[in-house]
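Student: Next come the chains, spelled out residue by residue.
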Amino acid sequence: GAVVSQHPSRVICKSGTSVKIECRSLDFQATTMFWYRQFPKKSLMLMATSNEGSKATYEQGVEKDKFLINHASLTLSTLTVTSAHPEDSSFYICSAREGRGAPYEQYFGPGTRLTVT
Amino acid sequence: AQSVSQHNHHVILSEAASLELGCNYSYGGTVNLFWYVQYPGQHLQLLLKYFSGDPLVKGIKGFEAEFIKSKFSFNLRKPSVQWSDTAEYFCAVKAIYNQGGKLIFGQGTELSVKP
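These protein sequence lines map, in sequence, to chains X and B. For the first sequence, counting from 1, position 106 maps to 106 in the working numbering; every step adds exactly one. For the second sequence, counting from 1, position 88 maps to 88 in the working numbering; every step adds exactly one.
If you are wondering where the hints come from, they were derived from the structure by calculation, not from laboratory data. Yeah, the Cβ is synthetic: ideal placement off N, Cα and C, and Gly gets one too. Don't take each hint at face value.
Derived BS3-like pairs: lysine-lysine, alpha-carbon spacing no greater than 30 Å straight-line [said to hold, decoys possible]: (1) Lys71/B / Lys20/X; (2) Lys61/B / Lys41/X; (3) Lys61/B / Lys14/X; (4) Lys114/B / Lys14/X; (5) Lys20/X / Lys114/B; (6) Lys14/X / Lys58/B; (7) Lys71/B / Lys64/X; (8) Lys55/X / Lys102/B.
Sample of chain X residues facing chain B (criterion: CB under 8 Å; computed from the structure) [said to hold, decoys possible]: (9) Lys42; (10) Leu44; (11) Glu87.
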């Protein structure tokens, strides 16, 4: 199956700093990428959907100025957590889909563990 | 708004026991249905999916799921679990509208299989 990578796998940052997480589709062109947040023992919560070359669409309750998403190419999307706080500590997972339509499967990255101290 | 509900938070079974994990969703229109598995320390993997056709779908590792439209359900089953099935299982639903819809996940069910 298709492969999605994330970098870094783990990051620790100080409160108030910003951190960037990269998501890459390695063997296909991802027209659409998704960013999820997973809390311990909790489900994946969709944060935003981004289509290549367009602004991301954020889910209700997700601050777009805090979680900046850039999908500049068909193989790369980035999530920047700005002015991070301890409550932003979480597991962030990206997902990529080859097309915009329903039949296309979403492939998930391995996730990035963010710890804000 | 669409939602997905998984009935069991944590299921503990002995090896060779049969498994059924419940999943219900709320959306009246056309849906695509998925079960994902997340082994400890690993990323989400697709177990099986239903788009259309035969409501009984078979996936990898001996898993199967049945779509019952009248009950808005998509329960996951396996006749005989193994210790290696210990993992977190997520049901997910995609409502089909406009350009594809969003994948919404249930809360997850942790499966622990005792050897």
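Student: Just to be careful, I want the Cα atoms of Lys14/X and Lys58/B compared with a cutoff of 30 Å; is the pair within it?
Tutor: violated, 46 Å
Student: For the pair supplied as a hint, Lys55/X and Lys102/B, is the alpha-carbon distance within the 30 Å limit?
Tutor: Holds. Lys55/X to Lys102/B sits at ~16 Å (cutoff 30 Å).
Student: Need the status of pair Lys114/B, Lys14/X: alpha-carbon distance at most 30 Å?
Tutor: violated, 40 Å
Student: With a cut-off of 8 Å, does the beta carbon of Lys42/X approach a beta carbon of chain B closely enough for the hint to hold?
Tutor: OK, holds: Lys42/X within 8 Å of chain B, min 7 Å.
Student: Given the hinted pair Lys71/B and Lys20/X, is their alpha-carbon gap at most 30 Å?
Tutor: The hint is violated at about 43 Å.
Student: Between the alpha carbons of Lys71/B and Lys64/X, is the straight-line distance 30 Å or under?
Tutor: This hinted pair is violated, its Cα atoms lying about 37 Å apart.
Student: If you take the shortest Cβ to Cβ gap from Glu87/X to chain B, is it below 8 Å?
Tutor: violated, 20 Å
Student: Hey, Lys61/B versus Lys41/X, does the alpha-carbon distance stay inside 30 Å?
Tutor: Holds, because 24 Å separates the two Cα atoms, which is no more than 30 Å.
Student: Double-check Leu44/X for me: the hint is only fine if its C-beta lies closer than 8 Å to a C-beta in chain B.
Tutor: holds, 5 Å
Student: With the threshold set at 30 Å, check whether the alpha-carbon distance from Lys61/B to Lys14/X stays at or below it.
Tutor: It is violated: about 42 Å lies between the C-alpha atoms, which goes past 30 Å.
Student: Are the Cα atoms of Lys20/X and Lys114/B separated by 30 Å or less?
Tutor: violated, 40 Å
Hints 1, 3, 4, 5, 6, 7 and 11, counting from the list given before, are not met by this structure.
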